[in-house]
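A.B. asks: Sequence:
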Amino acid sequence: MKNVKKITGVLMIVFLLIGGLVSAQDRAITANQLPKTAKNFLAIHFKGIPVNSAIEDREIYGVDEYKVYLTNGMKMEFDSSGNWKEVDGKHQKIPYGFIPASIRNYSTKNFPNTYIIKIEKKRWSYKAELSNGLELEFDRNGNFKKIDD
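Mapping the sequence shown onto the numbering used here, position 111 (from 1) lands on 354, and the numbers just tick up by one.
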């Protein structure tokens, strides 16, 4: 009987821990609850396009990232400080103002009849998707590395 109580107690603790991990989740927020940096980014580069929804992706240790969906279908991801990580135009041309000049220049010079529909900023690189389906990779300084198709 003692072993059954011990096992039951251990299982209860395990389930409570798992429940705590599962409770780290997304929650809907208003556009006004986004970090100031993200709000400024939206106001400058997506002026006049209302936010349809915003989601705070929470982890156990705090906010991991924010996802913002605009009424025109575009989606953005921001880090916990509000810096952009990804802008997805969902097959629409995205504004170029925040894209490093070297990436803008390379894509317009080498692919003149296309436009950038998605860009991701990773730790050491950028990835830009063009309207013709090509993906261009750049280093963190915006220097062209390769084409993925």
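Just so you know, these hints were derived from the structure itself, not from any lab.
Nothing here was measured: the structure is a model prediction, and the numbers come from that model.
Check the hints yourself; a few may be wrong.
[Said to hold, decoys possible] No more than 20 Å apart at the CA atoms, straight line, and that leaves these computed lysine-lysine pairs for PhoX-like: (1) Lys328 <-> Lys318; (2) Lys282 <-> Lys364; (3) Lys328 <-> Lys352; (4) Lys361 <-> Lys290.
[Unchecked claim] Here are the simulated distance ranges between beta carbons: (5) Leu377 <-> Ser296: 16 to 22 Å; (6) Asn356 <-> Asp307: 25 to 31 Å; (7) Asn356 <-> Ile298: 33 to 39 Å; (8) Asn356 <-> Lys318: 23 to 29 Å; (9) Asn386 <-> Gly291: 44 to 50 Å; (10) Ile272 <-> Asn353: 36 to 42 Å.
Beta carbons are placed, not taken as given, at the ideal position from N, Cα and C, and that holds for glycine.
A.B. asks: For every hint, state whether the structure bears it out.
C.D. replies: Outcome of the hint check:
1. Lys328 <-> Lys318: holds, 11 Å
2. Lys282 <-> Lys364: holds, 18 Å
3. Lys328 <-> Lys352: violated, 25 Å
4. Lys361 <-> Lys290: holds, 18 Å
5. Leu377 <-> Ser296: 16 to 22 Å: violated, 30 Å
6. Asn356 <-> Asp307: 25 to 31 Å: violated, 38 Å
7. Asn356 <-> Ile298: 33 to 39 Å: holds, 35 Å
8. Asn356 <-> Lys318: 23 to 29 Å: For Lys318 against Asn356, whose Cβ atoms are near 25 Å apart, the range 23 to 29 Å holds.
9. Asn386 <-> Gly291: 44 to 50 Å: violated, 33 Å
10. Ile272 <-> Asn353: 36 to 42 Å: holds, 39 Å
Hints 3, 5, 6, 9, counting from the list given before, are not met by this structure.
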